[in-house]
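Going by the numbering used here, the sequence shown runs without a break in its numbering and finishes at 346.
Please keep in mind that the hints were generated in silico from the structure rather than gathered at the bench.
Hints are not guaranteed to be accurate.
Listed next, the in silico PhoX-like pairs over lysine-lysine satisfying Cα-Cα at most 25 Å (straight line) [stated by the list, open to error]:
hint, residue 1, residue 2
1, LYS323, LYS64
2, LYS227, LYS273
3, LYS290, LYS303
4, LYS331, LYS290
5, LYS331, LYS105
6, LYS273, LYS290
7, LYS262, LYS303
8, LYS129, LYS221
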Amino acid sequence: MLEFLTLLLVTAAFTISNAYSVEVDPALKNYSKVSGVSGNISSIGSDTMNNMMALWCEGFSKYYPNVRCQIEGKGSSTAPPALIQGTAQFGPMSRAMKSKEVDAFEKAFGYKPTAVKTSIDTLAVYVNKDNPLECLTIAQVDAIFSKNRFCGAADDLATWGDIGLTGAWVNKPISKYGRNSASGTYGYFKKKALCKGDYKDDVKEQPGSASVVHGITEDLFGMGYSGIGYKTSGVKAIKLAKQGGVCADASLENVMSKKYPLARFLYIYVNKQPNTDLDPLRKEFLDYVTSKEGQNVVIKDGYLPLPATVAASQY
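All chains, please: the whole structure from these sequences, using the hints.
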């Protein structure tokens, strides 16, 4: 994460007209069609990236109409075994591989998997659109979702009154929504928002990012976490503050200035032997993903695009 934010601060060359209007880095390469590309693309991994993978495949197939895509998004933890077993060419993950996953891959092939940064996700804490809450500190988020309060809160937070809401909200329990343990988002939130603490037993685990947002849309007293790309009109992404920091929304500007605390790279992992080239299908797909056209897809899906210096020379 430190490497990620440092890279953004040093190299980002986006145009920001306001907090939520972002254009791709003009230094990114345009994608150009090449000959000899055909076949089927198979992808197994992140639910967070499922829609973006589908949009990339749709855009890629406009250049190569004979290419077909099969995409399965059941969680980031499904990507490493799929790559090891050869059931997928691409393993999208909303987190970096864990050391034990890298070790299992290396044991099978004798070399490490190749990680390709594709985009930037800001993880949001959502409440119902009619909820008046505006901001929480990370310590408060931890005290709501975790048993341990490792982020420093003195007391457990269980009701809306505990976090400052009044009137009809005061005694209402906070109805918590989250992801299941197969999800990279589950692990990332546990590490960064719960300071590696354990989730409370009453967090309603959902199979996908959209399910979290849907649950909060239907539940006036709901709160949950999901990628910013899943925001709908039925929910509100509240501002977050680091300890001693200011309340900040999930804009690129706040990610770059380190004011917003929950930002991460989204990856595609591939099996690539050292000192060899990828086959044309995989190479061209990744070239498309990291091109100006592919990064416009990232914006279309509600995520933040890569700086050209991060996108280049990854595989």
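Do the hints match the structure? See the list:
About 13 Å separates the Cα atoms of LYS323 and LYS64, which keeps this hinted pair within 25 Å; it holds. For the suggested pair LYS227 and LYS273, the alpha carbons sit about 16 Å apart, so the restraint of at most 25 Å is met. For the given pair, LYS290 sits about 36 Å from LYS303 by alpha-carbon distance, which is inconsistent with the 25 Å threshold. For a cut-off of 25 Å, the pair hint linking LYS331 to LYS290 stands: about 24 Å separates their Cα positions.
Proposed proximity of LYS331 and LYS105 is supported: the alpha carbons are some 22 Å apart, at most 25 Å. Among the hinted pairs, LYS273 with LYS290 is consistent with the structure: their alpha-carbon atoms are about 7 Å apart, no more than 25 Å. A distance of roughly 35 Å separates the Cα atoms of LYS262 and LYS303; the hinted pair therefore is violated under the 25 Å criterion. Distance check on the hinted pair: LYS129 and LYS221 sit about 14 Å apart at the alpha-carbon level, within 25 Å; holds.
The structure shown violates the earlier hints numbered 3 and 7.
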